[in-house]
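> Here's the letter readout for the chains.
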Amino acid sequence: MTDPILSVEGVTKTYKGGVTALQPVDLEIRRGEIFALLGPNGAGKTTLISIVCGIVTPSAGAIRVDGHDALRDYKGARRKIGLVPQELSVDMFERVIDTVNFSRGLFGRAPNPAYVEQVLRDLSLWDKRHAKLMELSGGMKRRVLIAKALSHEPDLLFLDEPTAGVDVELRRDMWKLVHRLRERGVTIILTTHYIEEAEEMADRVGVIAKGKLLLVEEKAEMMKKLGKREMVLTLAEPMATIPAELAEWNLTLEDEGKRLRYIFDARAERTGIPSLLRKLGDLDIGFNDLETYKSSLEDIFVDLVEGTRA
Amino acid sequence: MNLHGIWSIYRFEMARFRRTVWTSLMVPVITTTLYFVVFGTAIGSAMNQVSGVPYGAFIVPGLMLLSIFSESILNASLGIYMPKFTGTMYEILSAPLSPIETVLGYVGAAASKSMVIGLVILATAYLFVDLSILHPVAMVFYLLLVAVTFSLFGFAIGIWARGFEQLQVIPLLIVTPLTFLGGAFYSVTILPEPWRTVTLFNPVVYLINGFRWTFFGTSDVTPGVSLGVTALFLLACLAWIGWIFRTGWRLKN
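Order-wise, the sequence lines are chains A and B.
Using my numbering, you'd call the opening residue of the first sequence number 126 and step up by one each time.
Using my numbering, you'd call the opening residue of the second sequence number 181 and step up by one each time.
Next up, chain B with everything else stripped away, as it sits in the complex (with noise of 0.2 angstroms):
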C-alpha cells in the first residue's frame, strides 16, 4: 500500500480547502441561516409540526444533506478534474499508485470536507432550533456514507467531465432537484397520489428519510430500505470508477 502516495493527494486537496476555508465555511453557514430565516421562522411558524417533530428541526437533516451531497461532487469532481485541465495528470498516471489508493486519497479529502461542512451546518442549525439527536452514532456513520458515496460520484463526474460545464451539469440540474423533490423540506406523506407513488422512484428520498431516522427516529420509508439503496448507490459508484480503471475511459489513452 503506498501510503505516502494516499497521503500526499489527501493533503494536496485539503490545502486547497484550506487555502478558501472562509469562503468554504460561509457559504454553507449563510445559507443554511437564510433557510431557517425563510423555512424556518416564515413558514415554519404556520406549521406545527411535521411527523411530531417540529419543522424547523424536521428540515435540519435535508439542510445537511443538500449541502452535503452538492459539496461531495464539487470537491471531488473539481479535485480530478483539475489535473485533467491543468495537464498535471500526467504525474498521477506515472505515480505508483493503485486505483484504490487514488481514489482514497481524493474521496477521502472530498469527504473528509463535506463531513466538516456538515457538521458546521449542524452546529449553526443549533443556534435557530431546538435539536436533539436520537442515534448520533448512526447519525455519524450516515453522514459518512453518503459523504462518500456522493464524493464517488463526483470523482465519477471529474474524469467524464470534458469541461466547467460538465461538471456543473449533474449537481445543478439533476441533485439539486431532486433534492429539493427528495423530500428535504417537507414529509412525502403528505403529498397526494400520484405524486406520492412517483416521489418513491426519486432515490434521494431514500437517503434524506434514513438520515432524518437518526435524528428522529421517525422516518417516511423503512430505515433499512434507506441504508439499502445508499448502499446501492455507493456500490454503482464503485462499479462505475472500477470499469473506468480498468478501461482508462476519459482518463489515458
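Just chain A, same shape as in the assembly (with noise of 0.2 angstroms):
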C-alpha cells in the first residue's frame, strides 16, 4: 500500500499496574477510506485511538500521521487529526459557537467564521449556535463534539463510539455525515459497539480483543471468507435423536427436535445440500419448511472474538 494517512508499528502499551491494554499492534488506514474498529469493552480500541491522537503515551512504537512522525513532530501530526470521543465532554457554560471557536483556535487555524458556519449548518447546529451547552440534549451535544472535531478542517477524524445512546434518527444523519465526509476527502477511522454500523458504513474492517489486532480485512471479503451459510430444516414430524445415516452432514437438532440445522460453506465445490435432502427422502424424513441463512458482520465478529476467549 502506499501513502497510508496512518501508519502504526509495534505500538503497545503497558500501564503502571502491569495492566497490558494493547499489544504490539501494527495498522496501516488508507488515505480516503472509512475504516471500522470493532472490539468488545476494553478490547482497547479506545486505547489506540488516544495514542495516536496523543492523549495517552504509548509503551513503545511508531506512528506516522501523513507522514508526520506523531511522537518527534506531534504538532504536525495532530493538526491532521480531529476526534469526537466517546463520552459526552463539553464546557457546559459554553455556547455552541464559542466552543466551536476554540477547538479550531486551540489547533492553530485562524478565525474563519464561512467554514464554522458551513460545519454547523452541516450539523444542523446553526440555529443553535447561541444556545448554551447545557441547554442542548445528548444528541445535539454528540454533534457539537464532531463539530469541533472538525472545525479545523482535519484529514483523520477518529469517530470513538460516535452514536453510542443516540437515536435512530439522529444515527442515520452522523451514517450520511459520514459518507460525506469521507467524498470531501477525510479519512474516517470509527470504533462502534453496533457491529450494523460498521457494516453499513465501512470499507475495511479491524476486529482487535485483548489489546490485540486480530484481523483486519476489506469488509465484503471478510463476510466472504468468514461468512458461513446456514439451511434449517422445519421437520414434519418431531425427532428424537438424529439418525446415524446423517452424520456426515454434521446436523444440529433444535426446538424439541422440530428443527434440523445444517451449517455449510457457500464457496465450496460441494455444498452437501443435495445429497442431505436425498438422504432426508431417502430416510423418510420430511420437512414442512426450508430457510437459507447467511452469516452477518456481528456473527463473525462475535465468532472472532469468542476465539480469543477459548
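So these bits of chain B aren't anywhere near chain A, every CB distance computed over 12 angstroms:
(1) 201
(2) 204
(3) 235
(4) 247
(5) 296
(6) 320
(7) 350
(8) 356
(9) 367
(10) 376
(11) 403
(12) 408
(13) 422
Here are the computed distance ranges between Cβ atoms for each label pair:
(14) B/427 with A/240: 36 to 46 angstroms
(15) A/255 with B/369: 53 to 63 angstroms
(16) A/297 with B/206: 45 to 55 angstroms
(17) A/321 with B/416: 50 to 60 angstroms
(18) B/214 with A/294: 55 to 65 angstroms
(19) B/206 with A/236: 26 to 36 angstroms
(20) A/321 with B/354: 54 to 64 angstroms
(21) A/137 with B/375: 54 to 64 angstroms
(22) B/306 with A/240: 40 to 50 angstroms
(23) B/183 with A/187: 23 to 33 angstroms
(24) A/263 with B/206: 29 to 39 angstroms
Some chain A residues judged to face chain B by a derived CB distance under 10 angstroms, without partners named:
(25) 146
(26) 202
(27) 204
(28) 210
(29) 219
(30) 229
Everything labelled a hint here was simulated from the structure, so no lab data went into it.
We put the beta carbon where it would ideally sit given N, CA and C, even for glycine.
The two chains are supplied separately, each in an independent frame; assemble them into the complex guided by the hints.
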C-alpha cells in the first residue's frame, strides 16, 4: 500500500499497574477510507485511538500521521487529526459557536466564520449556535463534539463510538455525514459497538480483542471468507435423535426435535445440500419448510472474539 | 509557535473571569475595605508608624499580595483542573500545543486576572490612605513576577488535585497562614526572638518585603534577597511543571 495516511508500527501500551492494554499493533489506514475498529469493551480500541491522538503515551512503537512522526513532530501530526470522544465531555456554560471557535483556534487555525458556519449548518446546529451547551440534548451535544473535531479541517477523523446512546434518526444522520465527509476526502476511523454500523459504512474492518489486533480485512472480503451459510429444515414430525446415516453432515437438532440445522461453506465446490436432501428422502424424513441464512458481520465478530476467550 | 492556540486558551479563561466579573472584583474591594476598617482605622489609629511608614499605607503591599497569592493559585488551578473534571482535557492533550504554549495560555490568563484584582485593591486603598509609590516600574514588575509565579504554582496544584477539596488545601492551609505570618500586617523586626529568626524561614516574608520595598524603599530584608527568593520559587514551579509534562504525571496515562 502506498502513502497511508496513518501508519502504526509495533505500538504497545502497558499501564503502570502492569495491565497490558495493547499488544504490539501494526496497522495502516488508507487515505480516504472508512475504517471500522470493532472490539468488545476493554479490547483496547480507545487506548489505540488515544495513543494516536496524543492523549495516552505509548510504551513502545512508532506512529506516522500523513508523514509526520506523532512523537517527534507531534504538532504536524495532531494538526491532521480530529477526535470525537466517546464521552459527552463539554464545557456546559459555553455557547455552541464559542466552543467550536475555541477548538479551531486550539489547533492553530485562524478564525474562519464562513467555514465554521458551514460545519454548523451541516450538523443542523446553526440555529442553536448561541445556545449554551447545558441547554442541548445528548444528541445535540454529540453533534457539537463532531463540529469541534471538524472545526480545524482535519484529514483524519476519529469517531469513538459516535452513535452510542443516540436515537435511530440521529444515527442515520451521522451515517450520512460520515459518507459526506469521505466524499470530501476525509479519512475516517470509527469504533463502534453497533456492528450494523460497520457493516453499513466501513470499507475495511479491524477486529481487536484483549489488546490484540486479530484481523484487518476488506469488509466484503471478510464477509466472504469468514461468513457461513446455514440451512434450517422444519421437520414434518419431531425427531428424538439424529439418525446415524446423517452423521457426515454434522447436523444439529433444535426446538425439541422440530428443526434441523445444517451449516455449510457456500464457496465450497460441494455444499452437501443436494446429497443431504436426497438422504432425507431415502430415510423418509419429511419437512414442511426450508430456510437459509447468511451470517452477518456481527456473527463473524462474535466468532472471532469468542475464539480469543476460548 | 501556535499563537492561535495560546490565544484561544487565554480568551477562554478570561471569558470565565468576564462571566463572574462583578463577584471577582467586588470581593477584593469589599475585603480590602474591611481590612482598612479593622486594621487601618480601628487598630492603625493606635499605631503611629511602622518602619517610618504610616500603618494604613504600610499594610497595602501585604493586602495586595494576600489577594494576588490566592487569586493566582485559585484561577490557574481551576483553569487546568476544570478540563480534567469535565473530561474536556482530551482536547488540550490532543491539540498541537507544546507544554510552553499550554502554560502560557493558562498561566497568562490567571496572572492577568490577579494583576487586575491587585490593581483594583490598590485603587481601593487610595480611597482610605495617603499613598505614594517610590518605585512604580519595579512595583508593576514585582507584581507581575509574583502573579506569574503563583499562577505557575496554581497550575501545578490544579494538575496535582484529584478533587475540589485538594484545590483548596494548599491555598487555605499553607499559603494564607504563611502570608498572615509573613509580615503582611507587621514588620518582622517587632517580633521577639526566637520568632523573628523563625519567621525568616517563611518564604512569604521575602515576597512581601520585596514588594513593600517598591512602595516605600524600606524593607525588613534586602530587596535583592527578596527578588532572589521569588525567582527561586518561580524556577521551582517551572521545574515542577516541566517534570509534569515530561512524565505526564496526573495529566495523561
